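Please model the entire structure based on the sequences and the hints provided.
As they're listed, the protein sequences go chains A and B.
Its first residue numbered 1, the first sequence is counted upward by one per residue in this note's numbering.
Its first residue numbered 1001, the second sequence is counted upward by one per residue in this note's numbering.
Note that these hints are calculated values from the structure, not bench results.
Bear in mind that the values here come from a model prediction, so they are computed numbers and not experimental data.
Take the hints with a grain of salt, since some may be wrong.
As the list claims (entries may be wrong) - Simulated restraints on C-beta separations:
no., chain 1, residue 1, chain 2, residue 2, range
1, B, Leu1278, A, Trp73, 47 to 53 Å
2, A, Leu89, B, Lys1068, 43 to 49 Å
3, B, Leu1052, A, Ile70, 53 to 59 Å
4, B, Asn1192, A, Phe158, 25 to 31 Å
5, B, Leu1052, A, Phe184, 52 to 58 Å
In this text, a Cβ means the ideal position worked out from N, Cα and C, and glycines have one as well.
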Amino acid sequence: MRFLLSRAAFYLFTAWAAITINFFLPRMMKGDPISAYLAKNQGQISPEAIASLRTLFGLDTERTLLEQYIDYWGLLFSGDLGRSFSKGLAPVTEVIASALPWTVGLVGIATVLSFFLGTAAGAIIGWRRGSRADLVVPFATFFSTVPYFWMGLIAIAFFSTALGWFPASHAYDKGTQPGFTWEFISQVIAHGFLPALTIVVSSLGGWILGMRNMMITVLDEDYVTVAQAKGLTTRRVLGAYAARNAVLPQLSSFALSLGFIVGGTLVMELVFSYPGVGKLLLDATTAKDYPLMQGLFLVITLTVLVANILADVAYAALDPRTRQVEA
Amino acid sequence: MTYPTTAANAVAETLPRRPRRGSPLSRLGASFAMFRNAKSITGLVILGFFVLLAVFGDLISPYGPLEKDFTALRQPPSAAHWLGTTHMGEDVLSQIIFGTRGVLIVGFAAGIIATLIAVVIGVTAGYISGWRSESLSALTNVFLVLPGLPLIIIVASQYENPSLLLVAGVLAITGWAWGGRVLRAQTMSLRNRDFVQAARANGEPLWRIITVEMLPNLTAVIASSFVGTVTAAVLGLTTLAFIGVIPITNLNWGTILFWAQQNGAFPDYWWWYIPAGLCIALLGMALALVNFGIDEYVNPRLRSAGERARALRKKGATISDSVTAVRAPKGDA
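As structure tokens, then:
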């Protein structure tokens, strides 16, 4: 219980910190792009939208910083993140909501797949230490240090341009109506295959190496020797005794690497022109669409936080010690 | 993208090295012991090669990086241009040699800044206790969770022409947290060891306890987190340059790939985009090798596992059934 409370406190604190950073970021910006934009588009924006933009970007200079901060929280609780300049003044929340499922779906599946594959492979390679399986290690290292965007571009050049096996960009063919039709779903799978494959290949190495090293450390423990001396099957010693403990640090790295994964997504979506959150952020940056940028950063951070909470729950379920001793 | 190494998990098991009595030179040598294995040396040699390229770039490179030769556009590798030319007739090899400098400067500057922050915050948080330690730890965790690349893109987009040092600074601020967390854990485990208690009982001042008694025992962790941050910064810089957030005047391997992509080099003009990517991967490989070396130094089990397994196999047993080898041979191992 105490563990849960302290974790909850930590996540609340982090969420607060992220939101506060988001509050101060535009106030540290040089220049005033918002006023310029508002002046240019006078009469096209509703007074309420102007009011919320002024609050979000700290243009209410007649109010104190504290009052601005309280106003800002009020806006967040009413779900108002301002209007996006580059998307025809659509509410930022709507723009983000249309992009989020693509990112979460594709990257979520690819990441979880890569984690399970890499951890399983790492457990087996660690178990067969000193054998030819160790040859996997240099390859895994190489693929985990290759820059992702470069690998993605080469994958496109090879698999879509040269061989024509997969479409090179976008989430589905132009002109297809999204819906639960077989045509649409098969297109989504065809378009998502190459991005997912490159994500898995580039992140697999890290999971293999981490798990292998932990397995080698754990396999030297006496309880593993005892389990073998009892005559348990290899399968049982490997799975229920050694890998079960070795996987714990993997889980916490999994939670920590979620932040990096969001960064990786960004590049993936750029390379494959995939209509997700990362592409949106890059477009917003090029278009100097500050409300959208700010809203995206907030949403990305909160998504990482939620994923961290899930990883924490999984850890607590697997490791009884975290539930007893203070974290 | 970096992945936490096992140094974090295993480091607590190593015994603290007692301060050696010897000449200052031999003590200095001892603190480099973690680099004295095949993996680290290989990594350092590759790294040294790139450092030489960066330092003597002007002397080595056959052409200027932006020197245009309009009679040789998009030429495949030849005797005159070893790695071919770009769409403007620039020599790709020269661009890569000159680009090394920007990559290494940003990588190492970010690594140094991040390591300094990590040491100051991590060691302090580990040494003190109570709410101050907890709040420093909470700060570290916040930075660990904040998504780095989106933050960098947003910050960098506020500047018209961010300098190399600014880029390194932002990369460092988003990259120090993992090292800080590992250092805090290791300092906490050192704090209550006998030799630190003894130093405290002797009345040694705080700065002496931290710098003379504790820091030598933290060198492996510090080195490993430094190498990790440099790797992340190199990948971060090239990614930012490729995305186009960093101005293109800032020549590095990422900008080469940016130009290659902008000018339709994929997939036909392979000499234009393959070398730069391979250089990034090679540099990352070198840094990873250094870190593996440190890992094996810190966690001897990693070092000896393969050797022992091979020795056992020579005797006709596999390590998996080494305990049961006295019984009748079994088939399931």
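Could you check the structure against the hints above and give me the numbers of any it violates, in ascending order? Number 4 - this is the single hint that the structure violates.
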